[in-house]
Amino acid sequence: MDEKERESSGLAMGRRGFLRAGAAAGALVTGAGAARAEGPDPLITEVQPWATGFGDGVDATPYGLPIQYESDVVRRNVGWLTADVISSINFTPIHALEGTITPQGCAFERHHSGAIEMRKEDYRLMIHGLVDRPLVFTYEDLERFPRVNQTYFLECAANSGMEWAGAQLNGVQFTQGMIHNMEYTGVTLRTLLEEAGVQTAGKWIYVEGADASSNGRSIPIEKALDDCLIAFKANGEALRKEHGYPVRLCVPGWEGNMWVKWLRRIEVTEGPVESREETSKYTDTLEDGTSRKWTWVMDAKSVITSPSPQMPIKHGNGPLVITGLAWSGRGAITKVDVSLDGGKNWKEARLANPGQPMALTRFYLDINWQGEEMLLQARATDDTGYVQPTKDQLRAIRGENSVYHNNAIQTWWVKSNGEAENVEVS
Amino acid sequence: MSKFRNLVIATALTAPLAVPAFAEPLGLGRAALPEEIAAWNLDVSPDGTGLPPGSGSVADGEELFSDKCAVCHGEFAEGVDNWPKLAGGMDTLNRKDPLKTVGSYWPYLSTVWDYAHRSMPFGNAQTLSVDETYAIVAYIIYSNDLVDDDFVLSNENFLEVEMPNADGFIVDDRETVEYPEFSKPACMENCKESVEITAHATVLDVTPNDPNDDAPATEAPPAEEAAAPAAEAATEVAAAPAEVDPALVAAGETVFKKCKACHKVGEGAKHATGPSLNGVVGRKAGGADGFKYSPAMIAAGDAGMVWDHETIGAYLKDPKGFVPKNKMSFAGLKKEDDIAAVLAYIEATGQ
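Chains V and Y are the protein sequences, given in the same order.
First residue of the first sequence? That's 1 in the numbering used here, and the numbers climb one at a time after it.
First residue of the second sequence? That's 1001 in the numbering used here, and the numbers climb one at a time after it.
So here's chain V without its partners, still in its complex pose (with noise of 0.2 Å):
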């Protein structure tokens, strides 16, 4: 049956419409009924397009795309943000992903001046400055080094920065999507500057990005060598151009904009190279003007991805599940809590798997809902003790002048009808 045929069919091409009319019913039926039919379902007694014809044959798509029915899971910028899309950033739909993991080709992306596509071939890595032998790798001197394999999120250190002022945004993509979580195949940092030999006045290490914006970051050699990684591999295939084809830098639990792609050098120093990403932008201003700088961790955060906004309760009352996600640069998330009721009173999530270091956790409260007002939040706790704070914690101690490491509690007001809002309380 080709694609004509099918939407001739309609029903066939009628399923978002049958899942909306599904919550239409849902919402008329009160009580966990809502799934009973009031008649035969003709998707179960007649004979459906898919189940006499039919589908595509192998090799239709040699790299396939996820199926049109998903086609509103995308990546989005909020344009008012960034004077251009050249330097700019954008969402992860992390409202309708579940699991861990994010697919490189809906992570969020952060340019400075573009994407740049560079072939594996002409790709080198400088290592220079306070070593014994200054080297040039290319690509396939890397893949002989010896491999590793870690999961870890990324966050930008601005994202929920637009919510500092207040509830801002009106999504769980918008508020805390800047951040994604993949597993990384590639060499320790380690590997390659012992390879180079580190001499003893080497305090730091500069790297530097060889797109157009030289985007460059200082680490302090103690994280250089404890667990960076030159990453080449994303969730089992190459790096996507707009994560750093064809080789990148991870820093884990550590901002995003240190994490530079399109690696190209990496010179140990004596000191601090201070950059414009790490002085102009990238640091933090308190309330009395004085500003931190060097704010490299990031700190343990949680938020509810569904319901929220963007996923509002469709089904009617009954069975809920409420999940989110939580992480830490710190470390492991050992604990999650879900408050129904604004923060009065707390509830512990079921955690989906361990929580592993400076990667995400799924987690998980499932409830029966009988449609009331919820004001849905969640709260991280980490391997350190360390628990996540409510916004008012931190403006205490901040102001209100900050743009980056907001980790603050989001609270979603859930509204009897299954709409949901982002929403600031007392």
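Derived by calculation from the structure, the hints in this document are not laboratory data.
Note that the structure is predicted; figures quoted are calculated from it, not measured.
Be aware that one or more of the hints could be misleading.
[Unchecked claim] Coverage of chain V stretches by chain Y, computed from C-beta distances (three or more under 8 Å per stretch; other residues unrestricted):
#1 44–57
#2 74–80
#3 130–137
#4 161–174
#5 265–274
#6 374–388
#7 394–407
Where a beta carbon is used, it is the ideal one built from N, C-alpha and C, also for glycine.
With chain V fixed as given, assemble chain Y onto it according to the hints.
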């Protein structure tokens, strides 16, 4: 800070990476040559490490800035639209919505020099000479009233310039200021008396719902859409359908990457840093309504210049030579093939 760092490291060590430690290097890679290191090792540190010898005056900087920077940063470094403001904002850091500029916020002059030299101009990075960079940096600090108009900045006097916010930074103190506060046992029951909603996101209506609704409700709608080209010119173009070579258009799309930081073309293309290029062929120079052109470009149009293949070609080859003092910050396309391709792309896309 070290305590904090140790904590992070100790945390990480609980899950050591499964990688063997090497006593000896594997001998992979090759020696980096001095010329190669020199080509890439451009960063400049606060103590002046990496700063090459050279100099530039405020006066020269003013001209260069007008030419290469003002299109985004404004003639007086005051910023255009959402592009960064480089001047002003003194004594605003402890107020609501502080204005963070080179003068009011940046702690080190080395950062300004390094960034301008290594990453600017936007879309044309690494094209400023050493002396041009000194001059532009001199103009930026002049715009912030940090030096007089006869000032000449050089590697000799570089470290003497005092940055107003040099002492305005502290090293991350979250470990001592926030961690103790945020690591108390979490309350689970009856944690507060009452809960009131104090702010609603929907009141602001700044959330993008679809591609056509991504503007804040509080902001005025765009003053004017990209103006349609003069009816006459449009007719002319329509009456003479060019033979479109898809390969040439595809090649042009690649070339256009050099342009698209500033110019939009295609359905719904609006003015950005540069004017919309929809209907540019046949349009009077400086003739797109709603775009703020340089006086030079307006004068060219008033003198009768119309954009056709010949004029666009000459302009793209040498933007500053063909229309002196216009504000397009672009070095030009050296290859005739690139010019033909990008023109084909603009024509095919921007009718």
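Structure-based check of all given hints:
1. 44–57: violated (count 0)
2. 74–80: holds (count 5)
3. 130–137: holds (count 5)
4. 161–174: Since three or more residues must qualify, the claim that chain Y covers the stretch 161–174 of chain V holds, with 7 doing so at under 8 Å.
5. 265–274: Coverage by chain Y holds for the stretch 265–274 of chain V (7 residues, Cβ < 8 Å).
6. 374–388: With 9 residues closer than 8 Å to chain Y, the stretch 374–388 of chain V meets the three-residue bar; holds.
7. 394–407: Holds, because 3 residues of the stretch 394–407 of chain V bring their Cβ atoms closer than 8 Å to Cβ atoms of chain Y.
Comparing the model with each earlier hint shows a violation of hint 1 alone; every other hint is respected.
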